Amino acid sequence: MGNFTFSVVVSILLLHSFALSLNSITTDKHALISFKNSITSDPYAILSTNWSQNSTSVCNWIGVSCGLKHHRVTALNLSGYGLVGTVAPHLGNLTFLRYLDISFNSFTGILPFELSKLRRLKVMNVGANSFTGKIPTWLGSLPQLEKLYLYKNSFLGIIPSSLSNQMLQILNLNYNQLSGSIPYAIFNVSSLREIRIRNNSLSGWLPSDMCDNLPNIEALDISANQLSGQISPNIWKCRHLQELVLSINHFNGKIPSEIESLSILKELYLGLNDFKGKRISI
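With positions in the sequence shown counted from 1, the corresponding number in this note's numbering is that position plus 1383.
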């Protein structure tokens, strides 16, 4: 009798687990179908011919990758397919998603708040689209985010100070319509390797302790803005810096000779500023 009861309990638990798994997979499918339905133009017929409601598994769909254990969607890569439309809020239900790349399309509108539920997301690339509005503050609440690409859109307003995720390595906000100053909080994210915010309308200056707080920085490109002030002599502390692009701004004063001690620097652009004094040699 005991063995029979045990077997029944195990069977019930297995069925419950299977039902939960099936519901989760169905949730992923509904999220992707909703995303598909928000597309108004699919010039290469990628989604219209491949993403079928009748498919047994979304894991075989173009651009979709799933985990081996739970068969949940872990990656969505639809870069460069010429898609036109908006991002459906239901995409936030892909709670196992780690990689999202919808760059080089023609998405419009805003990034929906529901994407803040993507707590496992490590890479988010929505560059080269036509997104508008302010950069969402909720992006700073994604705890696993390592790489954020928002370049070549029409984001405007200030850069939110919440955009200082403690695991962030790459931040690319190039070619938008951002104004105000670069939040000091961003210069405190020690994991950052690349900061790229060229071609905006940013003002303000670089903090003198920037290199104390960015020990891993390899690339800093803030060219074509309205930044001013002087470059701190402490720039030598950015020992891993390989690319320093400060051109087309209003930086002034002398170019610190300490730049010469950046031994692995490969690219240095300081032109079209208000620097005075002698040139340096690298």
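Since the hints were derived computationally from the structure, they do not count as laboratory data.
You may find that some hints are simply not true.
[Stated by the list, open to error] Derived lysine-lysine pairs resembling BS3-like cross-links, with alpha carbons at most 25 angstroms apart:
#1 K1517 / K1505
#2 K1517 / K1535
#3 K1419 / K1535
#4 K1452 / K1500
#5 K1649 / K1637
#6 K1649 / K1659
#7 K1620 / K1535
#8 K1517 / K1412
#9 K1500 / K1517
#10 K1620 / K1530
#11 K1452 / K1412
#12 K1535 / K1505
#13 K1412 / K1500
#14 K1649 / K1620
#15 K1637 / K1659
[To be verified] Pair ranges (Cβ atoms, derived):
#16 P1616 / Q1560: 46 to 56 angstroms
#17 L1451 / S1586: 30 to 40 angstroms
#18 V1467 / G1654: 31 to 41 angstroms
#19 Q1609 / Q1527: 26 to 36 angstroms
#20 T1491 / K1452: 14 to 24 angstroms
#21 S1435 / S1564: 46 to 56 angstroms
#22 S1586 / P1426: 34 to 44 angstroms
#23 T1410 / S1611: 17 to 27 angstroms
#24 N1617 / A1428: 52 to 62 angstroms
#25 T1410 / E1643: 17 to 27 angstroms
#26 N1420 / L1451: 52 to 62 angstroms
#27 N1420 / D1592: 42 to 52 angstroms
#28 N1571 / S1435: 40 to 50 angstroms
#29 A1428 / K1637: 21 to 31 angstroms
Quick caveat, the model's predicted, so the values are computed rather than measured.
Here a beta-carbon is modelled for each residue, glycine too, at the ideal position from N, C-alpha and C.
These are the hints, each one checked on the structure:
{"no.": "1", "hint": "K1517 / K1505", "result": "holds (21 angstroms)"}
{"no.": "2", "hint": "K1517 / K1535", "result": "holds (14 angstroms)"}
{"no.": "3", "hint": "K1419 / K1535", "result": "holds (23 angstroms)"}
{"no.": "4", "hint": "K1452 / K1500", "result": "holds (21 angstroms)"}
{"no.": "5", "hint": "K1649 / K1637", "result": "holds (21 angstroms)"}
{"no.": "6", "hint": "K1649 / K1659", "result": "holds (23 angstroms)"}
{"no.": "7", "hint": "K1620 / K1535", "result": "violated (31 angstroms)"}
{"no.": "8", "hint": "K1517 / K1412", "result": "violated (30 angstroms)"}
{"no.": "9", "hint": "K1500 / K1517", "result": "holds (19 angstroms)"}
{"no.": "10", "hint": "K1620 / K1530", "result": "holds (24 angstroms)"}
{"no.": "11", "hint": "K1452 / K1412", "result": "holds (17 angstroms)"}
{"no.": "12", "hint": "K1535 / K1505", "result": "holds (20 angstroms)"}
{"no.": "13", "hint": "K1412 / K1500", "result": "holds (17 angstroms)"}
{"no.": "14", "hint": "K1649 / K1620", "result": "holds (16 angstroms)"}
{"no.": "15", "hint": "K1637 / K1659", "result": "holds (5 angstroms)"}
{"no.": "16", "hint": "P1616 / Q1560: 46 to 56 angstroms", "result": "violated (33 angstroms)"}
{"no.": "17", "hint": "L1451 / S1586: 30 to 40 angstroms", "result": "violated (49 angstroms)"}
{"no.": "18", "hint": "V1467 / G1654: 31 to 41 angstroms", "result": "holds (38 angstroms)"}
{"no.": "19", "hint": "Q1609 / Q1527: 26 to 36 angstroms", "result": "holds (34 angstroms)"}
{"no.": "20", "hint": "T1491 / K1452: 14 to 24 angstroms", "result": "violated (36 angstroms)"}
{"no.": "21", "hint": "S1435 / S1564: 46 to 56 angstroms", "result": "holds (49 angstroms)"}
{"no.": "22", "hint": "S1586 / P1426: 34 to 44 angstroms", "result": "holds (40 angstroms)"}
{"no.": "23", "hint": "T1410 / S1611: 17 to 27 angstroms", "result": "violated (50 angstroms)"}
{"no.": "24", "hint": "N1617 / A1428: 52 to 62 angstroms", "result": "holds (55 angstroms)"}
{"no.": "25", "hint": "T1410 / E1643: 17 to 27 angstroms", "result": "violated (57 angstroms)"}
{"no.": "26", "hint": "N1420 / L1451: 52 to 62 angstroms", "result": "violated (29 angstroms)"}
{"no.": "27", "hint": "N1420 / D1592: 42 to 52 angstroms", "result": "holds (49 angstroms)"}
{"no.": "28", "hint": "N1571 / S1435: 40 to 50 angstroms", "result": "holds (47 angstroms)"}
{"no.": "29", "hint": "A1428 / K1637: 21 to 31 angstroms", "result": "violated (59 angstroms)"}
In this structure, the hints that do not hold are numbers 7, 8, 16, 17, 20, 23, 25, 26, 29, in rising order.
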